[in-house]
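Protein chains in written order, with our numbering: chain A, 395 to 846; chain B, 7 to 311.
Any given hint could be a false lead.
According to the in silico footprint, chain A covers these stretches of chain B (three or more CB under 8 Å from chain A) [claimed, not checked]:
no.: 1; segment: 59-67
no.: 2; segment: 142-155
no.: 3; segment: 159-173
no.: 4; segment: 218-228
No farther apart than 27 Å at their CA atoms in a straight line, the calculated lysine-lysine pairs in the BS3-like style are these [stated by the list, open to error]:
no.: 5; chain 1: B; residue 1: LYS26; chain 2: A; residue 2: LYS729
no.: 6; chain 1: A; residue 1: LYS705; chain 2: A; residue 2: LYS666
no.: 7; chain 1: A; residue 1: LYS551; chain 2: B; residue 2: LYS26
no.: 8; chain 1: A; residue 1: LYS705; chain 2: A; residue 2: LYS729
no.: 9; chain 1: A; residue 1: LYS601; chain 2: A; residue 2: LYS677
no.: 10; chain 1: A; residue 1: LYS492; chain 2: B; residue 2: LYS26
no.: 11; chain 1: A; residue 1: LYS705; chain 2: A; residue 2: LYS475
One-sided and incomplete, this derived list gives chain A residues near chain B with beta-carbon spacing under 10 Å [stated by the list, open to error]:
no.: 12; residue: THR491
no.: 13; residue: THR497
no.: 14; residue: ARG501
no.: 15; residue: PRO524
no.: 16; residue: LEU528
no.: 17; residue: GLY530
no.: 18; residue: GLY533
no.: 19; residue: THR669
no.: 20; residue: ASP671
no.: 21; residue: THR673
no.: 22; residue: ASN683
no.: 23; residue: TRP822
no.: 24; residue: LYS826
Because the hints were derived from the structure by calculation, they are not lab data.
Cβ coordinates follow ideal geometry from the N, Cα and C atoms, glycine included.
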Amino acid sequence: MKKANKFEAGSANAGKSLSRRTILKGSAAAATTALATPYLMGSPVLASGHHEILHWSWLAASDGEIWGQMIDDFNDAHKDKGVQIRLELVNFEQYDTKVLAATATGRAPDFGWGIAGTRAQMVRDGVIVPLDDLSGEVGLDIGDFSELSISAARYPKYGNGMYMVPLDLMSLQPEINLDHVAEAGLDVNSAPATGEELIEWGKAMTKMDGDTVTRSGILMTGSGVQPTVTWGIVAEQMGFQRASADLTTAAVNPEAGIAAMEWVLALFDEHKVSTRDITDRYKAFGTGNGSIFWTGPWTLNGYVGQGLNFKTSLFPKIGSELKTYFEMGGLELYKQQDEGRYKATLEAVKWLSDNSFLWTTVGRGASPRKSILERPDYKTAGHDWSVRGAFVEGMEFATIPEIPVMAGPEFTIYSGGNFLARKLEGVWAGSKTPEEAMAQITERWQEGLDEG
Amino acid sequence: MTSVEAKFGALRRTPVDGEKPPLDWIGYLFVAFFAAPFLIFNIAPVIFGTYVSLTEWSIIGQPKWIGFENYRDALTDEWVWVAFRNIILYALIIVPGVTILGLVFALFVNKSYPLSGLARTLFFAPNVVSATVIGLVWVYLLDTQYGLFNNVLGSFGISAIPWLTSTDWALIGVSMASIWWDLGLAFVLLLAALQDIPRDLIEASTVDGAGPWNRLRFIILPHLRPVLSMVITLQLISTLRIFSQVYVMTNGGPAGASSSPIHYIYSVALVRNLFGYASALAISLFVVILVLTIVQRFAIREMAS
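Chain A with its partners taken away, still in its complex shape (with noise of 0.2 Å):
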């Protein structure tokens, strides 16, 4: 009886174009059409059967331009072998979190941009693919790049092994605005080397309205990253190490620590050469409202492509010994299900990093391939020396690198809104004593070297 009356139902409207039926039909498929349409359009496999490699990448201002022409360089070299990557981008602040995301599910992009030191949970979870025995087996030249580069590149907590190729090495050194310098007398080709000439550069370059900074002899946050960097430089010249060289011990030397603190306090209370109220570090410099600005060569396109009438010069020497921040850049593997894909992508990595020449020259940083420093064109080619060079130069004394272990980010010296940039925005802000913010931040490093 049902079923006669199921079936009447249908073919009374069977001439009809809405029938139960027909809902029920259209409904699943158009389900299964779009639960499925994500899978057939993000197979990394090309219909015709060439191989497509999924290259996930962070940079998106002008550093990603060229990034973006070193891929079309790669695809355009390859367009007849078969090969192509696919570039996608992917925010910063979410990077690390979708890549997790997408390894778990099973679809982590091949490769992709890493900072030297900042992967020691991926690596432990094996997120990472280790390169040590895959480079040999693509040819890959690892006595072509510097030691330092290699190291970085690498977990000595987690084997050892090496888990990134490193790209460009950058480091922070002082961008110093040319019309000042005129402007208060100083001589250009004397830029300050050490702590005592820096605040006699700031003094003179710093303006004033009553006892308000209205421009910053040196250019400084009230919080966030610069203060941060500029308290880890500044420590670590005064001799102090965040983690011992076996990474058991944090806060080595904490008295200096809590000097740096104190000396970055008085940039803004006593030497009065810096302004708590600049929000926006890099649009102050580059409008002129500072005069010297520390930070690192992503910042050259910009500043050159405005007109910016500027030069870089080495970090000067502050405390007992010249150091300055270290960042390396680089491209890493992630997991795969197929593990066959893995030297594909090497390949094409190893081919980005031996034409590498345009990324380090007009792209960032320095680059980490002796081959490529050798060249006699590597100094000409690229934004003018006088800009570029420090970058280059001064990566000799940048000694200051990411603590590779579990609680790396919270380490980290470059960062406007981890525990340390948090902890130490109370001091600049005056709710907390150098002293107690030292004992916090050693007894929650010492807490993230204890787990590993």
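Fit chain B to the known structure of chain A by using the hints.
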């Protein structure tokens, strides 16, 4: 009978006496178009989030069950207290700010003064702009050295205020941007409610000698009570979840002075990959919002009675 009813009426069968009526699947199908996404994208994440809050998990591997440890950790995390203290302060500034200004603007537009049509558009316009854009615009407006606000204050001889760079002012700076952004919705809701008040009631009170203040107090506000309650509730929930303005304008700084729970949850989850802990904070925030909303609605009801 409309054509739709005719179409589906033919699909129905009248049950015979004593027979259980057949299940009408077509109804479930139509409901499913809303219910399925709601269950998958709203309810399931809440259940999963509750489970994750009781574990230690960083996406890769299986979550490790740790019971209420994340909640215990939250109680001793100074940044959690700072963030929750801040949203109470945000609520105390933004909710009355939006409600009172929304009411004032609605009263103005409802009077049909010259340019009130333009004012209606201008008052509502910020609400259709994304919070990120609002944040960026207000960063420029509130810049200590070159911002419009300090320029205007300077012309009156008032020294520059560090709206976004001082621990004393950052929360106020972010609140000002939020009020401007949120005002539009409150304004429209209150304007609609004002237009629903019978004109003869207003006229009768005027004839009886009621002045503007008494009309507002004894006629208009009692009629607006249900909408005011809704505006306050919506605004309270929105303020307790404040994120975009904080992220864009101050990133929670300086020294956490403008941070909010959602901003802290974001940094715990996406910067530190502590998804268990972040989930525990999110569930805690949910409970706080629920309790405050119930208390606030109860208080409004009590005041009215």
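(request) Mind listing which of the numbered hints don't hold for this structure, in increasing order? (result) Violated: hints 4, 5, 7, 8, 10, 11, 14, 15, 16, 17, 18.
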